[in-house]
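Colleague: One line per chain: the protein sequences are G and S, in this order.
Mapping of the first sequence onto the numbering used here: residues 1 to 878, in sequence order.
Mapping of the second sequence onto the numbering used here: residues 1 to 118, in sequence order.
Treat the hints with care, since some could be wrong.
[What the hints assert, rightly or not] With a Cα cut of at most 27 Å, we get these calculated BS3-like pairs of lysine-lysine:
| hint | chain 1 | residue 1 | chain 2 | residue 2 |
| --- | --- | --- | --- | --- |
| 1 | S | K48 | S | K63 |
| 2 | G | K31 | G | K21 |
| 3 | G | K39 | G | K21 |
| 4 | S | K90 | G | K21 |
| 5 | S | K90 | G | K540 |
| 6 | G | K540 | G | K176 |
| 7 | S | K48 | S | K68 |
| 8 | S | K90 | S | K63 |
| 9 | S | K48 | G | K31 |
| 10 | G | K39 | S | K48 |
| 11 | S | K48 | S | K90 |
| 12 | S | K90 | S | K68 |
The set of hints was computed from the structure by calculation and includes no laboratory data.
Next come the chains, spelled out residue by residue.
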Amino acid sequence: MRPDDDDLDEEIRGHLAISMKERLERGEDPKSARLAALKEFGNLTLTRDSMRRVWRHRWFDEADALVRDLRFALRSLSRAKGLAATVVVTLALGIGANAAIFSVVRGVLLRPLVNRDEERLLYIRQSEPGISRNLTFSVPEVDDFKSRVKSVGAFGDFSTVDFTMIGLGNEPRIVKAGVVGGSFFEVMGLRPVLGRLLNARDDGPDAAGAAVLTHRFWSTSLNSDPGVVGKTIRLGPRPATVVGVLEPSVPYPADTEIIANVVTSPHHLGATMVTNRTHRMTELFGRLAPGASIDGARAELTAVHAAMVREHPEAYSPKATVNLTVTRLRDQIAAPARTVLIVLLATAAVVFIIACSNVANLILARSVRREGELAVRAALGAGSGALRRTLLAESLVLCGAGAVFGVVMARPLVALVAGYAARFSVRALEVSVDSSVVWVGAALAMAAAVLLAYVPRLPSPHAPAGLGLATGGVRITPGTNRRLRIFATMQIAFSFVLLAGAGMLLATLVAMQNATTGYDMRHVLAFDVPSPATGVYGPKMIEFYDQATRRVSALPGVEAASVGTTVPWRDGGTMPRLPFAVEGYTPADGEQNPLGRLRMVAPRFFNVLGIPLLAGRDFTDDDRADSEPVAIVSQAIAQRLFSNGDAVNRKLWWTGATGRSFGPQQRRRIVGVAADVDDENIVRSPALTVYMPVRQMGLAGRLFVRASAGDPYTLVPTVTRVIRDIAPDQPVERAATLEDIRAAVLSPDRVNAFVFAGFAGIALLIAVVGVAGVLAFSVSARTREFGIRMAVGSAPRQLLGRVLSEGIVIAAIGIAAGAAGGYLLALVISRLITSVQLPGAMPVAGAAAVLVSAAIVASLMPAARAARVDVLQALRSE
Amino acid sequence: MAKSSDEQRLELLQGTLDMLILRILQWGPQHGHGIGQAIRSRSDELLKVETGSLYPALHRLVKRGWLKAEWGISEANQRARFYELTAAGKAQLSRERDRWSQLVDAIGRVMNPAASKE
Numbered sequence: 001m002r003p004d005d006d007d008l009d010e011e012i013r014g015h016l017a018i019s020m021k022e023r024l025e026r027g028e029d030p031k032s033a034r035l036a037a038l039k040e041f042g043n044l045t046l047t048r049d050s051m052r053r054v055w056r057h058r059w060f061d062e063a064d065a066l067v068r069d070l071r072f073a074l075r076s077l078s079r080a081k082g083l084a085a086t087v088v089v090t091l092a093l094g095i096g097a098n099a100a101i102f103s104v105v106r107g108v109l110l111r112p113l114v115n116r117d118e119e120r121l122l123y124i125r126q127s128e129p130g131i132s133r134n135l136t137f138s139v140p141e142v143d144d145f146k147s148r149v150k151s152v153g154a155f156g157d158f159s160t161v162d163f164t165m166i167g168l169g170n171e172p173r174i175v176k177a178g179v180v181g182g183s184f185f186e187v188m189g190l191r192p193v194l195g196r197l198l199n200a201r202d203d204g205p206d207a208a209g210a211a212v213l214t215h216r217f218w219s220t221s222l223n224s225d226p227g228v229v230g231k232t233i234r235l236g237p238r239p240a241t242v243v244g245v246l247e248p249s250v251p252y253p254a255d256t257e258i259i260a261n262v263v264t265s266p267h268h269l270g271a272t273m274v275t276n277r278t279h280r281m282t283e284l285f286g287r288l289a290p291g292a293s294i295d296g297a298r299a300e301l302t303a304v305h306a307a308m309v310r311e312h313p314e315a316y317s318p319k320a321t322v323n324l325t326v327t328r329l330r331d332q333i334a335a336p337a338r339t340v341l342i343v344l345l346a347t348a349a350v351v352f353i354i355a356c357s358n359v360a361n362l363i364l365a366r367s368v369r370r371e372g373e374l375a376v377r378a379a380l381g382a383g384s385g386a387l388r389r390t391l392l393a394e395s396l397v398l399c400g401a402g403a404v405f406g407v408v409m410a411r412p413l414v415a416l417v418a419g420y421a422a423r424f425s426v427r428a429l430e431v432s433v434d435s436s437v438v439w440v441g442a443a444l445a446m447a448a449a450v451l452l453a454y455v456p457r458l459p460s461p462h463a464p465a466g467l468g469l470a471t472g473g474v475r476i477t478p479g480t481n482r483r484l485r486i487f488a489t490m491q492i493a494f495s496f497v498l499l500a501g502a503g504m505l506l507a508t509l510v511a512m513q514n515a516t517t518g519y520d521m522r523h524v525l526a527f528d529v530p531s532p533a534t535g536v537y538g539p540k541m542i543e544f545y546d547q548a549t550r551r552v553s554a555l556p557g558v559e560a561a562s563v564g565t566t567v568p569w570r571d572g573g574t575m576p577r578l579p580f581a582v583e584g585y586t587p588a589d590g591e592q593n594p595l596g597r598l599r600m601v602a603p604r605f606f607n608v609l610g611i612p613l614l615a616g617r618d619f620t621d622d623d624r625a626d627s628e629p630v631a632i633v634s635q636a637i638a639q640r641l642f643s644n645g646d647a648v649n650r651k652l653w654w655t656g657a658t659g660r661s662f663g664p665q666q667r668r669r670i671v672g673v674a675a676d677v678d679d680e681n682i683v684r685s686p687a688l689t690v691y692m693p694v695r696q697m698g699l700a701g702r703l704f705v706r707a708s709a710g711d712p713y714t715l716v717p718t719v720t721r722v723i724r725d726i727a728p729d730q731p732v733e734r735a736a737t738l739e740d741i742r743a744a745v746l747s748p749d750r751v752n753a754f755v756f757a758g759f760a761g762i763a764l765l766i767a768v769v770g771v772a773g774v775l776a777f778s779v780s781a782r783t784r785e786f787g788i789r790m791a792v793g794s795a796p797r798q799l800l801g802r803v804l805s806e807g808i809v810i811a812a813i814g815i816a817a818g819a820a821g822g823y824l825l826a827l828v829i830s831r832l833i834t835s836v837q838l839p840g841a842m843p844v845a846g847a848a849a850v851l852v853s854a855a856i857v858a859s860l861m862p863a864a865r866a867a868r869v870d871v872l873q874a875l876r877s878e
Numbered sequence: 001m002a003k004s005s006d007e008q009r010l011e012l013l014q015g016t017l018d019m020l021i022l023r024i025l026q027w028g029p030q031h032g033h034g035i036g037q038a039i040r041s042r043s044d045e046l047l048k049v050e051t052g053s054l055y056p057a058l059h060r061l062v063k064r065g066w067l068k069a070e071w072g073i074s075e076a077n078q079r080a081r082f083y084e085l086t087a088a089g090k091a092q093l094s095r096e097r098d099r100w101s102q103l104v105d106a107i108g109r110v111m112n113p114a115a116s117k118e
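Could you build the full structure based on these sequences and the hints that come with them?
Modeller: As structure tokens, this is what we get:
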């Protein structure tokens, strides 16, 4: 239906012919008839264009031109496949890394939570400066807030408890549970996917036990069983009914499997919990009252808190002011990941800059070779707009291909980066690949394309010198050469920053991995064997652990077994340090009592874990609740607090409120000194540790088994069976050797180092390509110069050295710039976000050495080519 | 001479060209040149359509489906595109004819108030 251009032309020709024929018939002569017909018709081109416009919009013609340019770009790029491939791969790396990291950043930091009106949700935190630990709140404190604060409409409380759960799944399990008041779900603004959530009727000591399952637990452990609602389960000693399943939401403050009402936890109903102002284990959430602002709420909460501290001075440390911080819940959840994500994003941006400058280099070099072609086109009348469009089409093709590969690459990367970020914020768990990957990729590609189209200089149509280049010879102008070198130097500089950073992380990792621990790592298995009824201390429990230790020790393949409270690294750091005093040591004025780590261990604990006793004796079975209170101290205590390290038979006692609550306030006789170990930090530092006998404290929960030979893990089933023989419902979990526990704790550092080393590797690769490209181009453009040099007597070796030294100069300037820039960057970052650790001399020197050798390698090929220049051919080449 | 005839010539009213084309084609298929000539002769040389307006208008009418175009041989033995009314075109013509007479009538009332009162 639509006439094409030929149809239009033919129609016009037909019109003219008819018109002319009429005039001829009227007797005009052919020449004037023709002129008259043309004159009558008017503007031919204009008419033809208006006819075209009926069928095709102006936009089509523009698009036509671009398609023509794109086709031209494809053709001309297919003649430079190596260059095109390099550019596409480089851009794909840059775009892919950025798109992946950005979508994780978006998911973790920017996306709103699923909670209703989530921007009105607050998280309230109480902490002491110095101890950055979250103090949380006690029930009396929460009650004070509830009754006095008006700008927060409702408060929700949440505390974490370990239950032994029976009734879901086959085996008794330890589950991490949240215990909440009736207002919690209303405040959080969450909905059930099944059944109902807990409400005000579930609150208080008289309600029936009720529990809500988290979506993750329900869907992964229970295969989304719809029949679960209404089931009765046992949580520790008490029954509870499963009333519903929570919608998928960010598990905060703790990733629990179930959330139960207060009545399921005897501890929550006890007097200590309800009345003791210092018994803090409750996390506090708030929802802003209608019309209230977060600043107003913060001011009111702070004022109420200050009043509380004044009214109850005994409950707050007199030496340190207790701080209250109020943040949006979303910010609170994302906060730990913010720094690491911003650093990642910055790293990815640096990689993108390196990639772009490398591509700019390649394009620039290519455009210099094309100057002849461009000059011819300019001379033939192509405007500068048309020339730019040619260049733009070419960079669009390159960047588009780069973006496509980059986005394809980004998809698996998102999972990788999200898994990494999940170590810092639970929100990363819900990050999935979404369209943001695509549009970030496209946006970056567009930015790169426009940038690249404007990098090359256009030949001036007024400069006749341009035509000389049409013969195909290449001559670099000093300006182009300088630009090439600047880009190459930039790449080296940025790569240096990344390499030095990665080097620092690797050095830290190596130092951690090689640090000695003081434990026997290979042969010791640790188990979680929590006391059957959590929170019940006493003779029955001691009897259980005694029996378990005895029977496990008797197993074949077991050399020895013992119990304690703390698995190194895994449990270390979960207990606060407590102030204590020793006989014969008086703190100087203004100095506080020393803080010690409290560990409860059974006899033979030191033997099982391979910790030497340096003086005195081990605990024995005779150190019982009714015998003399005793303690063993670490070497660090003996050396710091006693003259000559002579600690045995001196007295020690706890001074703080928490320490006193662990037992009757007694002076304990120190009976032994154990070698220093550090169960909190991977790299050991001397720790003030006080060991007390399990039998005198009635608290344990961890079983340690030393295997005599072979693979310790073969003992796991028999040990579990032996313990279940004693107590059928007893959970026995998380069996692992100390070696594996340490490796698991180290894995974030390992991932950190690998992620950044990966980035640095990419950057290095790109930089090597960049330097090699610049030198190769510079050599090929100076063939004539080299020919002349050789003709006048330069040895090939001199030329080789010349090119090599050019490469080294680029690397050296780049490294210097990178060192200076990196130092400044570190200063800026540490002022803005967080303190930055500067890499030591080793990583810096290492990074510099790697870059210089990379530059030498990159220069070798072009240098060899320069040295092989054939004099006659070179001189004839123009 | 040419000047005086130009002065007598009337400017075509906006939007009337389409109607004129449709009207001319009621007598049968015609090519562009023929349509132009027909408008000119039937208006006693008072209306002259510029080719620059005529051809785009023809193409517009084809696009709207009121005309269809076919290649044919003219009386001068020239290959030319012949335009022909479609059914939709006929309906459109009668609509435009009604609108036109209403317009003429309305303008007449404004210009000659006395005449319209009777």
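Colleague: It remains to establish, for every hint, whether it holds in the given structure.
Modeller: Consistency of the hints with the structure:
no. : hint             : result
1   : S/K48 to S/K63   : holds, 24 Å
2   : G/K31 to G/K21   : holds, 12 Å
3   : G/K39 to G/K21   : holds, 15 Å
4   : S/K90 to G/K21   : violated, 32 Å
5   : S/K90 to G/K540  : violated, 105 Å
6   : G/K540 to G/K176 : holds, 24 Å
7   : S/K48 to S/K68   : holds, 23 Å
8   : S/K90 to S/K63   : holds, 15 Å
9   : S/K48 to G/K31   : holds, 24 Å
10  : G/K39 to S/K48   : holds, 14 Å
11  : S/K48 to S/K90   : holds, 24 Å
12  : S/K90 to S/K68   : holds, 12 Å
Consistency note: the structure conflicts with the earlier hints numbered 4 and 5.
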